[in-house]
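Q: Chain residues, written in single-letter form:
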Amino acid sequence: MLFYLLRRLFQSAIVLAVVAFGSFMMFRFMGDPVAQLVSEETTLADRALIRQSLGLDDPLIVQFGHFAARVVQGEFGLSYQMGQPVMRLIAERLPATLELSFVAFSLALLIGIPLGVFAGLKPNSIITRVIMILSLAGISMPTFFVGLLLMVYFGVELAILPTFGRGETVDLGFWTTGFLTKSGWLSIILPAVTLGLFQLTFIMRLVRAEMLEVMRADFIRFARARGLPARRIHFRHALKNTLVPVMTIAGLQFGSIIAFGIITESVFQWPGIGLLFLQAISAVDIPVVSTYLLLVAVIFVVVNLIVDMLYYMVDPRLRVGAK
Amino acid sequence: MPRWTLALSLASATFLSAFGPAAANELRFASQGDLVSLDPYAVEEVFTSGFLGNVYEGLVRRAPDLTIEPALAERWENVSPTQWRFHLRKGVTFHDGSPFTADDVIFSAERVRSGASDFKNRLPAGIEVVKVDDFTVDFVTKEPNPILNFTWANWYIMSKSWAEANKVAPPTKGGDTENFATLHENGTGPYKVDKREPGIRTTLEAFPQWWGNADKKGNVDKVTYTPVPNPATRVAGLLSAQLDVVFPIPVQDIKRLEAAPNVGVIAGPEVRTMYLSMNQWKDMLPGSGLEGVNPLKDRRVREAIYRAIDINAIRDRIMRGQATPSALMVAPGVNGFTDTIKRYEYDPAKAKALLAEAGYPDGFSMTYQCSNDMYVNDEATCLAISSMLAKVGVTAKPNIQPRAKYLESVTAPSMDFGLAILGTTPASLDSHIALNSLHMCPRTAADRPLWNKDDLSKIVAGKSNFGGYCNPEIDKLADAILKETDTAKRNELITQAWTITTNDVAYIPLHQTWAAWGIAKSAKVERRADNVFDWRHVTLGK
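Line order of the protein sequences matches chains A and B.
1 is the number of the first residue of the first sequence in my numbering; add one for each residue after it.
1001 is the number of the first residue of the second sequence in my numbering; add one for each residue after it.
Hints in this document: simulated from the structure, not taken from any laboratory.
Hints may be right or wrong, so weigh each one.
In silico EDC-like links for lysine to aspartate or glutamate, alpha-carbon gap of 16 Å or less [said to hold, decoys possible]:
{"#": "1", "chain 1": "B", "residue 1": "K1120", "chain 2": "A", "residue 2": "E40"}
{"#": "2", "chain 1": "B", "residue 1": "K1120", "chain 2": "A", "residue 2": "E92"}
{"#": "3", "chain 1": "B", "residue 1": "K1195", "chain 2": "A", "residue 2": "E92"}
{"#": "4", "chain 1": "B", "residue 1": "K1131", "chain 2": "B", "residue 2": "E1110"}
{"#": "5", "chain 1": "B", "residue 1": "K1458", "chain 2": "A", "residue 2": "E92"}
Partner residues aside, some chain B positions facing chain A, computed with beta carbon under 8 Å [what the hints assert, rightly or not]:
{"#": "6", "residue": "S1037"}
{"#": "7", "residue": "G1174"}
{"#": "8", "residue": "P1229"}
{"#": "9", "residue": "A1236"}
{"#": "10", "residue": "P1398"}
{"#": "11", "residue": "R1403"}
{"#": "12", "residue": "K1405"}
{"#": "13", "residue": "T1411"}
{"#": "14", "residue": "N1452"}
{"#": "15", "residue": "L1456"}
{"#": "16", "residue": "K1458"}
{"#": "17", "residue": "I1459"}
{"#": "18", "residue": "A1461"}
Built from N, CA and C at the ideal position, the CB exists for glycine as well.
So that you can see chain A by itself, here it is in the shape it has in the complex (with noise of 0.2 Å):
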């Protein structure tokens, strides 16, 4: 188990070091930083200055090496357009993200995983067919037309929830929570629902596909013959069954739930880490570029970790090979 957890990190060093110099190779394609840094009055004797002193002039490489050396570090540099330490301006929008796709996930499961439950245990009810005809709009509507949809009726027609930012949040010190406050909470909802709306869907779908499958199992039918409670076959005996795809797939759309919620949060004005992305692009500010492609990456990484651990706690069988 520690060799194996050992040789994960291993792998996963060699994915980081991947993705950091994949992004940078990348980013003499998203044009010039000294341009969003002048104005149109700034002559071009200061712009020269301003390249060199951001270490543009030198070769691709050595510009990679220097930022390589300063992340090992642990120093990400200050945001050419904002002037600030980039770790602080992610560490101050991660809560928002974080809180964002908690709920968002959260809402997922628990919904999700009983609606798909039901789908399968009752294939042809009515309110099977009208669940999966609904999921096939969740599943095939643009999150920003979800969003604008959500906005437009409970934002500015019934005026009844916020249609942007996070509203009061509470300074923990090293964390700002919107969890403490009925605005917070009441600002959450749109966002929640928009981004969960699709992962929601995906679950109960690949839930109901997977109980499908289970309930025509031998061991299934001995459990029936053995005359077991229906609700123990379906919980205990089907239900875990299905639950290792169906955590492979949960795990890799948290990560994604989070390094990609740049849609809804850009239509919600959620001041997460993907608004800050969305503008950090635009301006071609390197260092929060890098240093988000870099989280990113170590958030599907430890999210991969994680469900690996998991899978030794549900499938008994992956214990005794491992040994």
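Given chain A, put chain B in place with the hints provided.
A: Leaving out everything else, chain B in the frame of chain A:
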């Protein structure tokens, strides 16, 4: 009424208090980007320096009609053509309570010219700033400069003692050490920053010791600014009364907002002039495939392109009436603007004849660089112009890119375009800057080639003249305009210069686009043509 509707409306009644009218006289507004820094010399960008104009103040300021008013200087006079004397206002305090004196002006004059300051051109090279006494400062220039203080409305004065106590370094870009002034301010202005959360929200409150409180026109006590880049989200925030002022409003949303009961729209031309730059200096026209020929060097070809563009159709169809066609490279409101110069009439037949005369009866092709996120409907305008040119046989292939990539293609050193769409606002609101940076020959001496690679970093005059228009007569006129102190004579020289550049078809001026602001019915706002939002002139009535 079905039960669920009832439940919903009950719920809405309960929740409405979640965001109704805010605290007394709180101005809640949103625009597309956040201010870059609280450091007033970090970046010259309309929104940032306009926002900071509520927190910091210059020696002079601009009134809603853009005329120059006294601010931290009560009055000024010319002791001689090269010596300006500014009498500072007494009894002014910074937000930290320290008094404002001549030392702060001297300090600000040094800092604004140091490091990576974006406002170095506020003080011309070789100027001497001399303290006469605690409330008098002299500015001694090398040559007469009648518009010395025209750009000073956003050269903000910083406190010397505060800067020294907090080790405020010269302005920086990137690097490793953070500047104290990036997140902290200490101005003399009517509002002080209460809490700054970059990219999220900035709150400010009225400064009770502000020197101008006695005759402040508006009644705003508290300001909350939220950057909201997504236009649909901004509009929704205004319609649902979560915001009082929102700008810019997309052209296609104006009708909808005007129809809404609780909001209004104010729209008017900006001082920015949109224009087409034509590459007339490269020996080979980019994207033409022609060897050693550049059709745009021929004045007739430039006029043909000008005449092929139906500017009224662009105004009516693409801008939905929200644009004012322009014959000049400067807008009304800029000193030196004249309406005696007219646009070349739209005349595709004449355009074809001119092209044939110049030796291109079948037209030619070229690269046409377009942005899609810099100006109002820039992409649509670009495509329309491209198809208008196609009708006279000129193939201008649009290459549409976002700002960062676009600027890289259009500006020095690459300048890889035949045609490019750009906008310009002279910072001094005077014609001289437009002549100087867009129309003077981009070279270091009369015997050097244009845009010579080795001279790039030394080019000052004509630094934004990427099309490479060059007429030595204009060079002479521009220098004469800079030094002429007699206003009437000076304006005549400016008219002369604009007449020559129009005859040369140096550029194709398009229009001033309009800026539209969405305002809650409960608020009264004076919109300035330079898009600066001055909160002193906002009245909220709840």
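Q: With reference to the structure, classify each hint as holding or not holding.
A: So, going through the hints one by one against the coordinates:
{"no.": "1", "hint": "K1120/B <-> E40/A", "in the structure": "holds (13 Å)"}
{"no.": "2", "hint": "K1120/B <-> E92/A", "in the structure": "violated (33 Å)"}
{"no.": "3", "hint": "K1195/B <-> E92/A", "in the structure": "holds (14 Å)"}
{"no.": "4", "hint": "K1131/B <-> E1110/B", "in the structure": "holds (13 Å)"}
{"no.": "5", "hint": "K1458/B <-> E92/A", "in the structure": "violated (42 Å)"}
{"no.": "6", "hint": "S1037", "in the structure": "holds (6 Å)"}
{"no.": "7", "hint": "G1174", "in the structure": "holds (5 Å)"}
{"no.": "8", "hint": "P1229", "in the structure": "holds (7 Å)"}
{"no.": "9", "hint": "A1236", "in the structure": "holds (5 Å)"}
{"no.": "10", "hint": "P1398", "in the structure": "violated (18 Å)"}
{"no.": "11", "hint": "R1403", "in the structure": "holds (7 Å)"}
{"no.": "12", "hint": "K1405", "in the structure": "holds (4 Å)"}
{"no.": "13", "hint": "T1411", "in the structure": "holds (6 Å)"}
{"no.": "14", "hint": "N1452", "in the structure": "violated (12 Å)"}
{"no.": "15", "hint": "L1456", "in the structure": "holds (6 Å)"}
{"no.": "16", "hint": "K1458", "in the structure": "holds (7 Å)"}
{"no.": "17", "hint": "I1459", "in the structure": "holds (6 Å)"}
{"no.": "18", "hint": "A1461", "in the structure": "violated (10 Å)"}
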